[in-house]
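Take the sequences, apply the hints, and build the full model.
In the order they appear, the protein sequences are chains S and W.
Heads up, the first sequence is in our numbering, so the first residue is 1 and it goes up one at a time.
Heads up, the second sequence is in our numbering, so the first residue is 1 and it goes up one at a time.
Check the hints yourself; a few may be wrong.
Okay, derived cross-link-like pairs now, DSS-like style, lysine-lysine, Cα gap no bigger than 27 Å in a straight line [unchecked claim]: (1) 423(W) to 35(W); (2) 165(S) to 35(W); (3) 256(W) to 183(S).
Some chain S residues judged to face chain W by a derived CB distance under 8 Å, without partners named [stated by the list, open to error]: (4) 7; (5) 58; (6) 78; (7) 110; (8) 113; (9) 155; (10) 178; (11) 182; (12) 183; (13) 190.
Quick caveat, the hints were computed from the structure, so don't treat them as lab data.
All C-beta atoms in this analysis are idealised placements derived from N, C-alpha and C, irrespective of residue type, glycine included.
Letter by letter, the chains look like this.
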Amino acid sequence: MKINTMAEMMANGETPEILFWVGCAGSFDQRAQKITKAFATILDKVGIKFAILGKEEACTGDPARRAGNEFLFQMMAYQNIQILNGYNIRKIVTTCPHCFNTLKNEYPELGGNYEVIHHTTLLQELIDQGKIILKEGGSFKGKKISFHDSCYLGRANNIYEAPRKVLEALDAELIEMKRCRTKGLCCGAGGAQMFKEDEPGNKRINIERADEALETGATFIAAACPFCNTMMMDGVKNREKENEVAVLDIAEMIAESIA
Amino acid sequence: MQYLQQVLFCIMAGAAIYWFSKKVAEIRRNIFLGKAQDLSDNPGQRWKNVILLALGQKKMFHNVPVAIMHFIIYAGFIIINMEVLEIVLDGILGTHRLFLPYLGEFYGLLINTFEWLAASVIVVCIIFLARRNWLKLKRFISKDLNGWPKTDANLILITEIVLMSLFLTMNATDQILQDRGVAHYEPTGSFFLSAQLIPLFEGLPDGTLIAIERVAWWIHIAGIFAFLNYLPYSKHLHIALAFPNAYYANLQAPGKIKNMPEVQNEVLYAMQPEFAPANATPPASFGAKDVFDLSWKNLLDAYSCTECGRCTSECPANQTGKLLSPRKIMMATRDRLEEVGRNINVNQSFVSDNKTLLHDYISVEELRACTTCNACVEACPVSISPLDIIVELRRSLIMEESNAPQEWNSTFSNIENNFAPWKFSPDDRDKWANEMAS
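Spelled out as structure tokens, the structure:
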């Protein structure tokens, strides 16, 4: 499967329907690359003409801004907006809620105005439109799945239903954790915490959250964020449950179940 | 004698209102020590928030029994204040139950309603005292509340119980005096609840009863004036400030961090010097080191906080034993602001006391623990954002003090040089795509 970059498309005189913003985790992190590949496969399968920025993509600046380094954030935003506007990008889909939030809410006042959607919303739309057809009796049918709300999708952007609707389409049994939706507990990665050790305390946040997910008895923990995914996986491993419970991104579940 | 009472009453009321207004002006001045922030957009949505969040207490209803109890105190407080209007007019005019002749039978209905509310307020206040002091709810036994804040909370509840009991006492004695046909005590009809207290006072002579009725009346209204003047020093100020705070609540996506146009421009001028105005001066400072550097809304937030701790009990960092408590961030901001205010009262304008909100009131360790998850913001019933303050303080730490953990410094340099928070080669960014092609 050939993934086109914007530069290649431009050279061929083509314009994509949508730009797939991959994000740093999706580009470099080995685990998150699988999510990226799964989502690209879905886009390809449903025949959406998409492109990536490839080597021209750079960190949106989310962790820098939240750590307090506004200069670095503004530098990254400036560069990205130059590139995006240069390609006259209109619509962006991303598998990372942090990139989603920054592109959607923080770039407009810096001159970057795009229609930005998160991949779970796009997946829900494609299922609703009948463009994604799922296998009868797919591998998640009747399985217990617990969805972990990503802060930057849920509280930050009020997206609670789209990922759940996608999971329902899998015919799975959705089990909510005690703290869910607006009360969902953070995985511990946001605010640039991903890139440093926890402050002193009595428990790691991701272990607290993984414990809560394990308590539901679900065999799959569904995530919609590459950072949540890593944090939850680490928590599950810490409890030595990685053989019984899998942490998967919603895109991976759909890619596996697509007819 | 009657005139003397009227004069005394007017002096008391005048003094209470004078001191209260003075303190209100001081709080207003303190709030506007903060930086400008334009929140005048979208009045329709803002009024809707006032109705839903402040008047309707929407967020309290996540816990329905507590919400109902809280609503009883609140409604009781507001509605019983209609009776205070009569009490104040009686005090000024030297009358007794001024509204009675005008309202007739309806008067009895009104007072009966107030009495039911008063009794409900007493019951709820007792339950709330129990929740605070004996049920060991985590957010009430937190060390955030050690000392004055705990006393403050209890004082408010006890005062409400005392005020409501005085109201019932004065009505009970009033009814006995009416039955005995004592002058000035016009028949009002029976008040159901206070009538239950009649056996306690029945055996007493007229003179004693009049004394009890008058003393209860005086302490009740003096208590209300005292409470009014206590408010600005207390967490209870939220009964007033919840309304403006709901009006000025953030209407943008909660995930959006406030932009810094001054930094945006600095970067723009560095990248495209042709845009730089000839007289461009770099900003004096970045982020917030002290209360002056926060926005007026942040400071209004601090005064609106009633220290309920819903933010802290939702905070992932706090729940896992970290030092961060969003409630403490708000309390520290108010404490510092009040200190600055006292400094200004004494010195006319602020004279440096070698203290700042950052470090002296809020430590680096607290700030470093925040995941910016918005749980505190979501939890707050009165539209406070502790997160906004945390980010502003973090900005000062990083941009003014270059105070970052080593790991963050590496992250920053990776983002700057490799365009990703990790040390990967930017050339490998689309390696996954090449793998899919083969």
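**Report entry** Hints not upheld, ascending by number
**Finding:** Hint check: 1, 2, 4, 8, 10 fail, others pass.
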